[in-house]
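*Asks:* Chain by chain, the residues:
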Amino acid sequence: AQKVTQAQTEISVVEKEDVTLDCVYETRDTTYYLFWYKQPPSGELVFLIRRNSFDEQNEISGRYSWNFQKSTSSFNFTITASQVVDSAVYFCALSEISDKLIFGTGTRLQVFP
Amino acid sequence: DTGVSQDPRHKITKRGQNVTFRCDPISEHNRLYWYRQTLGQGPEFLTYFQNEAQLEKSRLLSDRFSAERPKGSFSTLEIQRTEQGDSAMYLCASSPPGQSSYEQYFGPGTRLTVT
Chain D
1 AQKVTQAQTE ISVVEKEDVT LDCVYETRDT TYYLFWYKQP PSGELVFLIR
51 RNSFDEQNEI SGRYSWNFQK STSSFNFTIT ASQVVDSAVY FCALSEISDK
101 LIFGTGTRLQ VFP
Chain P
1 DTGVSQDPRH KITKRGQNVT FRCDPISEHN RLYWYRQTLG QGPEFLTYFQ
51 NEAQLEKSRL LSDRFSAERP KGSFSTLEIQ RTEQGDSAMY LCASSPPGQS
101 SYEQYFGPGT RLTVT
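Quick note, the sequences are listed as chains D and P, same order.
Okay, so the first sequence: first residue is 1 according to the numbering used here, each after it adds one.
Okay, so the second sequence: first residue is 1 according to the numbering used here, each after it adds one.
The following block holds chain D by itself, in its conformation from the complex (with noise of 0.2 Å):
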């Protein structure tokens, strides 16, 4: 069964730290997406990465970098030198055959000043 687990409900950072968001997942499929999605207060998802299960490399975009690692079902998400607009909450999501995106709980960032 396809699942996505965010064990880190909510984490709070001062401004300019770093900091890593955990994702974890489990499918049997061996073609995959992963994706991280961020909710801003706002309320709206916000696409920031999809990866396909072929292709572990990470990847860095300005502040943001991920983690993927098949080994350990894993697909973390780092935010270097946070800032405070970074709060919102954060989305690790799974889709396989079917594109339906399988969310996990979410992570809530709080950055203060």
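If you're looking for bench data, these hints aren't it; they were derived computationally from the structure.
Each hint should be verified, as a subset may be incorrect.
The calculated EDC-like cross-link candidates involving lysine to aspartate or glutamate, where the alpha carbons are at most 16 Å apart (straight line), are [to be verified]:
hint, chain 1, residue 1, chain 2, residue 2
1, D, K3, P, E44
2, P, K57, D, D99
3, D, K70, D, E56
4, P, K11, P, E78
5, D, K70, D, E26
6, D, K38, P, E103
7, D, K38, D, D22
8, P, K14, P, E83
Chain D is fixed; fit chain P onto it per the hints.
*Replies:* Below, chain P without anything else, positioned relative to chain D:
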């Protein structure tokens, strides 16, 4: 900017009434999805369309729920005989044609409150 739009943004209804929500996807996108999100949870998949064909429905979708996308453009989600447990944010998303599992772009959602 022509992102995904949803109407209405908020709906308050009394238990037992019917409600209908509308979603307009990004214009070139042929896939359209409906999700439901309750407080403190991640979105849960309800159903999705490729063009006008409804390809998958979640077991969460009771027979009181129906979705349509008659011309492959906008979609409607109707809930009949609403119950208090239907109170949630209803999210619509769309993705472009081509390979599967493209990123989905979400609308602002319709928040339903059933009193």
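*Asks:* Look at each hint and say if it fits the structure.
*Replies:* So, going through the hints one by one against the coordinates:
The hinted pair formed by D/K3 and P/E44 meets the criterion: a straight-line CA distance of about 12 Å does not exceed 16 Å. The suggested pairing of P/K57 with D/D99 holds, with an alpha-carbon distance near 12 Å, which does not exceed 16 Å. The straight-line distance between the Cα atoms of D/K70 and D/E56 is roughly 7 Å, inside the 16 Å bound, and the hint therefore holds. Using a Cα cut-off of 16 Å, the hinted pair P/K11 and P/E78 holds, with the two alpha carbons roughly 13 Å apart.
Of the pairs offered as hints, the one joining D/K70 and D/E26 holds, with about 10 Å between alpha carbons and a cut-off of 16 Å not exceeded. For the suggested pair D/K38 and P/E103, the alpha carbons sit about 13 Å apart, so the restraint of at most 16 Å is met. For the hint pairing D/K38 with D/D22, the CA-to-CA distance comes to about 14 Å; that is within 16 Å, so the pair holds. For the hint pairing P/K14 with P/E83, the CA-to-CA distance comes to about 8 Å; that is within 16 Å, so the pair holds.
Hint violations for this structure: none, all hints satisfied.
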